[in-house]
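Student: Residue numbers (the numbering used here), protein chains in the order written: chain G, 1 to 337; chain X, 1 to 240.
Worth flagging that the hints you see were computed from the coordinates, not collected in a lab. Check before you lean on any hint, since a few could be wrong.
Claimed, not checked - The calculated lysine to aspartate or glutamate pairs, modelled on EDC-like cross-linking and capped at a C-alpha distance of 16 Å, are:
hint: 1; chain 1: X; residue 1: K133; chain 2: X; residue 2: E113
hint: 2; chain 1: G; residue 1: K289; chain 2: G; residue 2: E198
hint: 3; chain 1: X; residue 1: K133; chain 2: X; residue 2: D99
hint: 4; chain 1: X; residue 1: K162; chain 2: G; residue 2: D247
hint: 5; chain 1: X; residue 1: K133; chain 2: X; residue 2: D86
hint: 6; chain 1: G; residue 1: K289; chain 2: X; residue 2: D153
As the list claims (entries may be wrong) - Heads up, incomplete: computed chain G residues facing chain X, CB under 10 Å, no partners named:
hint: 7; residue: L28
hint: 8; residue: F138
hint: 9; residue: A209
hint: 10; residue: G239
hint: 11; residue: G261
hint: 12; residue: V267
hint: 13; residue: V292
Just so it is clear, CB atoms sit at the ideal spot from N, CA and C, and this is done for glycine as well.
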Amino acid sequence: MNSTLTILQPGNSVVTDLGRVRGPQYGLPVNGALDQFSARAANILAGNDDNAALIEITALDFRLQTDADLLVSVTGAAVTLTVGGRECQQWEPVSVRAGEILAIRGMTGGLRTYLAIRGSVSAPLLLGSCAPDTVVGFGLRLLEGTRLTALTSTGPIRQPYFDLPLFRLGLERPQFGTELVVEVTDGPDIEEFGGSAELLFNSSYTISARSNHIGLRLGGELPERMSSTELLSRGVPVGAIEVPSRDELLVLHRGRGVTAGYPVLAVVTSQSLDLLAQARPGHTVTFRKTSVAAATAAHRASMHRLESLRRAVATVFGLLGIGEPAHWTDLAPAIGS
Amino acid sequence: MSPMTAATVELHESGDAALRVVAVSDDSERNWSTVHRLAQWLEFAGAEGVHGAVPTYDSVLVEFDPCATSARQVGAYVRMGLRQLDSDGIPARIPREFDVPVVYGGPYGPDLESVAAQQQLSPEGIIALHSAKTYVIRCLGAPAGSPMMDGPDFPFPVPRLKDPRLSVPAGAVAVAGRQAVIAPATAPGGWCVIGQTPLGLLNIATEPLVPYLPGDVLRFRPIPAEEFSVYAGQELRAVQ
């Protein structure tokens, strides 16, 4: 059964997914959830595919109301999450009853929170992805009164005694502090910077307010390019660190233009890109050098944790009869409202 | 893209999810042909974990899922692809032709005068050189699948703007260095804008979103400002 979610307070929120991986070959950035780990975790905790459409909420308070029972999960930056006025846990599945208001307030210790709804929400696709692309003017930005269609309703699962939290799936949550350590590998053009490339590791940088999903700008001691020959445009990876001006470093994120003519000094690892997605202006960054092999191993380890979570969720949901309507009919009176 | 032996390539690690492949022969046509044929091969072959390839002039960025594969595996795969290019030869696609009407100068091309001064030519001279040549679309770039081309036969490379504009309108016809481009979408930009086409390049209701592919050819045709509105709202289509 479809249900309708009405946005009461949009804050700064969009419907997105893990990104438009077919975009770059057509000149479009990949975009998608900037903190990929949190977005995947939210979907897994809601029993969805990792790439299901979900809501990304940046910085500001957010509220919605549902007309049907839902199962949701909220991950990413720490917030005060309330459902029908009750405070609920992040990083665990949460039941929302028809008519209740889900509110996300007071985001701290990060910049982006993810709200996944079991069964996902419907959103238009471009090249197979619903991720907004601000340059071509595509995507679902939420406004006050926007109605989203949730594709599944999930009956209420609630601890009958004092509404104690029902789930304890125990995923290790990433910590988002104000002093970030960001791992990078050598960029393909590091030689263009000569000895000044080492500067990147000798000082700390401050995140500028001019940062967004396209790239983060960081002030600090800047490595300098040794030559000034015009480079031909080349494909640049997400995470590329460039020095386009005398004022700031530029760290390209998922909204980056796919081609550019600046040399790539270093590349932020996939894992550290998630960390940067949660960084706020004024936070400080120190860069640490790693190897592609070590970065790959670290990324695979974190994906492995998500696989364990997926198995735990499947087991728990199976025991609770989530996703089996007939079974659920039997259970409903016992949990009782 | 005439079949020719693939150029020698260098592989450069570009983080844990991308690999840059650079063709390093002395022949820029051969380098361009190599990286574009390699990108096509990668797309058709559809290797596990490879998201896609972004070919430009002499390089192709191959993006992949670091859980499913690795830079080393992708590198080995690329080398295999290059050997296959040499033995099979992907049949050359017949290039399509595009005719692009352009209003030069004035509010449509705010940098025409400064480019003319820098090239030590008159604005009319710039327009004549820019509209004289047949351009090969070398690659689709940022923003939004821009057709990136070798530049017009100006005497000097065109320096980029010192202060990039925060917003350049869709249809802007621009030059920088030894390159030429048309902007399919409104976006920030640091290239010199010498004119604007009234035709729409980007249609997000269709796939692909832009009508041209690398290898297609394009010509610019000067039109008077009064004719801008005649073409406005029409889409760029290949000449039959």
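Student: State for each hint whether it applies.
Tutor: Status of the hints after comparison with the structure:
1. Taking the CA atoms of K133/X and E113/X, the gap is about 20 Å. The hint is violated against a cut of 16 Å.
2. Of the pairs offered as hints, the one joining K289/G and E198/G holds, with about 10 Å between alpha carbons and a cut-off of 16 Å not exceeded.
3. At most 16 Å may separate the alpha-carbon atoms for a hinted pair to count; K133/X and D99/X meet this at roughly 12 Å.
4. Distance hint between K162/X and D247/G is fulfilled; the C-alpha atoms sit about 14 Å from each other, no more than 16 Å.
5. A C-alpha spacing of about 31 Å is found between K133/X and D86/X, which places the hinted pair above 16 Å, so the restraint is violated.
6. Simply put, K289/G and D153/X have alpha-carbon atoms about 44 Å apart, too far for the 16 Å limit, and the pair is violated.
7. This hint holds: L28/G has a C-beta 6 Å from the nearest C-beta of chain X, less than the 10 Å allowed.
8. Taking 10 Å as the C-beta contact cut-off toward chain X, the hint placing F138/G at the interface holds, the least distance being around 5 Å.
9. At a threshold of 10 Å, the smallest CB-CB gap from A209/G to chain X is about 15 Å, leaving the interface hint violated.
10. For the restraint placing G239/G at the interface with chain X, the shortest Cβ-Cβ distance is roughly 5 Å, inside the 10 Å limit, so the hint holds.
11. Taken as an interface hint, G261/G checks out: its beta carbon lies about 8 Å from the nearest beta carbon of chain X, inside 10 Å.
12. Below 10 Å, beta-carbon pairs count as interface contacts, and V267/G has one with chain X at about 3 Å; its hint therefore holds.
13. With 10 Å as the threshold, the beta carbon of V292/G comes within range of chain X, its nearest partner Cβ sitting at about 5 Å, so the hint holds.
Hint violations for this structure: numbers 1, 5, 6 and 9, all remaining hints satisfied.
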